[in-house]
Amino acid sequence: MTSVTLCPGGPLLSGAVYGCLLNVQDELDRLGDAINEPPYNGAPTGPVMYVKTPNTQVAAGTPVVIPADVEQVRVCATLGVVIKDTLTRADADQARAAIAGYTLVNDLTVPHDSLFRQPLKQKCRDGFCPIGPNLVDAADLPDPDGLAVRALVNGECRQEWRLAELVRPVATLLADISDFTSLYPGDLILVGVSPDAPLAGAGDIVAVEIDGLGRLENPLVSEGENA
Amino acid sequence: MKQARIAFEGRVQQAWEDQGKVRLADGRRVEETEVVWLPPVTPGTILALGLNYADHAAEIASKAPEEPMVFLKGANTLVGHRAFTPRPDDATNMHYECELAIVVGKPARNVAKADAYDYIAGYTVANDYAVRNYLEGFYRPNFRIKSRDNCTPIGPWLVDAADIPDPMNLRLTTRVNGETTQEGSTKDMIFDVPFLIEYFSAFMTLQPGDVILTGTPKGTVNVMPGDEVVTEIEGVGALHNTIIARKP
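Chains as they are written, first to last, in the numbering used here: chain G, 12 to 238; chain Y, 18 to 265.
Wrong hints could be hidden among the right ones.
[Said to hold, decoys possible] Capping the alpha-carbon separation at 16 Å, the derived lysine to aspartate or glutamate pairs in EDC-like fashion look like this:
#1 G/K132 x Y/E215
#2 Y/K264 x G/D190
#3 G/K132 x Y/E84
Simulated from the structure, these hints should not be mistaken for laboratory data.
In isolation and in its complexed conformation, chain Y is listed as follows (with noise of 0.2 Å):
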């Protein structure tokens, strides 16, 4: 099943998919451009990646890392499908990143990688921008490059965990204006899903709806205003975005 938040009608409410429409709670289905798309979960706590695929580490640094390279983010970061993300002027290399995302179930501690997958609810779709020329030395990544305002669209689905069997072979596509871009496999992941649970619920509780972003692979490029990015993971969703200008 893959339900979503929206706006509809001047109310937010629960939705899902139905044979490529969205399915109201009173069944009507309409089309998904006729709604507003929400986040489709409002975590407490957003956990993410650096660096867990070899070929993206070996794109913007020297060598992968031996732990996971982790940073934390404020809801402010979230917007939802079809949302549009602002570009700052002085940018001068702001790249997207298509990620899994990873949305716990029940609370974790100390929870065993063979245990992990009972701990989580369901995946939805990521595109984690960073402002790659603001990126400093102190308690990096900063804010400044990967906590920006609606710099991190989700969704456009929550999708079941048990409808995605294999969470560590999908294919992962980001598409700009139409061309594809960067194309990897969740396979290729340093650090994955089961041994993430572990890691992070060995030092705290993760809490129901909470959020692991997992890490991108290569292929991130500059984007412009103007530009659609469509970020797309393999039986999980396709994320629309488009770039605005920040308004200095």
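Bound conformation, chain G alone (with noise of 0.2 Å):
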């Protein structure tokens, strides 16, 4: 097994990282004919997208400051892809060849219901992306669609799904992807979240797990502690 510890910024990741909404089956279901309504007025004719900038990316351990007009944020487990090569309009074939690896990210998320805005307010607060501890090499996690994501609150796990349910497997998720935004080395993909993610406040700690990939870890602190 080949791991190396990940460094939000650092060469290992240095791009942009990428969230995909919608491409949980469960998530999908749960909108039922919403999907079809005003403000959505059909579904995604490809992946939906969202960023978390680079002032939400912190390692494993660091403490995260949940912010004053924040009660609770979801801890949305998932799986994160790190780019190797360039791809623009590849095909899923391509795109399985250009996956360096792949590591934990918790989608720290201000809970919301409508999904008709990109979510700023809700995603992007300062270190709401926790990513981490390691890159396990592409080689050693042949077929991460079959694993399942685990979701822990001081410890508990509150939460499972497996890969299984994404509607778009890693390799075409991010081919389908290069067909209009290139992903670039040093590029993080999240590859989707499921419903029902669990709560959590200051005081707690929250993790990640997927077998193989090990434990992404962050405790939450209320603004003005010590962080």
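Assemble the dimeric complex from its two separately framed chains, guided by the hints.
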């Protein structure tokens, strides 16, 4: 097993961090008929992306400050895919070959019901994207789509979902994104988040686990505490 | 001072505006058509405003927003002055958007409007192309309409903030093949530059080099392969771009 410690903004993670909405079947099922009603007016034709900006990206163990105006956050546990070769209008085979490896990501999110506008205030707070602890070589994880993802709060598993539920499996997702947005070495793509991610607040310790990738753990602290 | 990032003689380098020419670090002055222009900044975060001019909001939406309508873009979108932007085959309306771009100068967190200008390094021009018929209803505007490869020309220059004493009173003009198609003034922004610095820094730390695209006024029209689009902002620069066909 080849794995190296990941450092957000470091040489292995020098690029963008993108998340994907509606890439877990349960998410789509929950929307039901609402997907065809205003303001959405129909299912999206391609991957729906969002950005976890550089101010959000922190390493394993770093305390995450819960801002004063936020009561609780969702612990959105997911798989992160790190890119090693540029992908532009690629097919799934090219995409698979361009994966450097995998890591854990905690896409901390302020709960929000509307999916109409981009969720900056919900997803782009400082520290809201713990990443790591390691990058596991793609060759050591030949079938990520078969794995289970767990979200933990204070050591207790509060949610488990399977990557087999992805609407677009990893390689297809990367290929479809690259139709309009090129992916570059050092970019990180979060493959999707499942609904009902557990809630946590300041004072809690949150974690993400996937077998073979270890555990990504971060304490949540309140604003004003020594982070 | 106006500075640029260019490629010349096989090297990426910094350059400066000097009496209509491009001055290199070694003192040589070359024509602007002799160099390859790169985006003048390499931002970590690219924030963009939709519907930030009342006349443009009326043009494409029913009413102006009460809070800034904000979206994010990837660095894949940026290209420099005199670059080429592909138009997809099935685009029915691909339009330019001439925008004043703010470049952040130092880390900004909880900055008050009154102090906002202290946090700005300078300004440049951006052309925030949209393929309007790709607009969808989730996390809108979705990446497919707004975060496309090569669809955000930016430059030519990063102009020092000190050289733009009043960024809230600048003329914006777009010309397509020499004909003026869009005119406006930054004084008509709904949420102005100091407001935006306060607004963003209230919930996220802005970093040096981060860019805020401040929206576009009325006059966005469809452009076709072969069209030359020049987006110009008074005192900041004239950004040239040419539309090409995207191969199916």
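So which of those numbered hints doesn't the model satisfy? Violated hints: none at all, because every hint is consistent with the structure.
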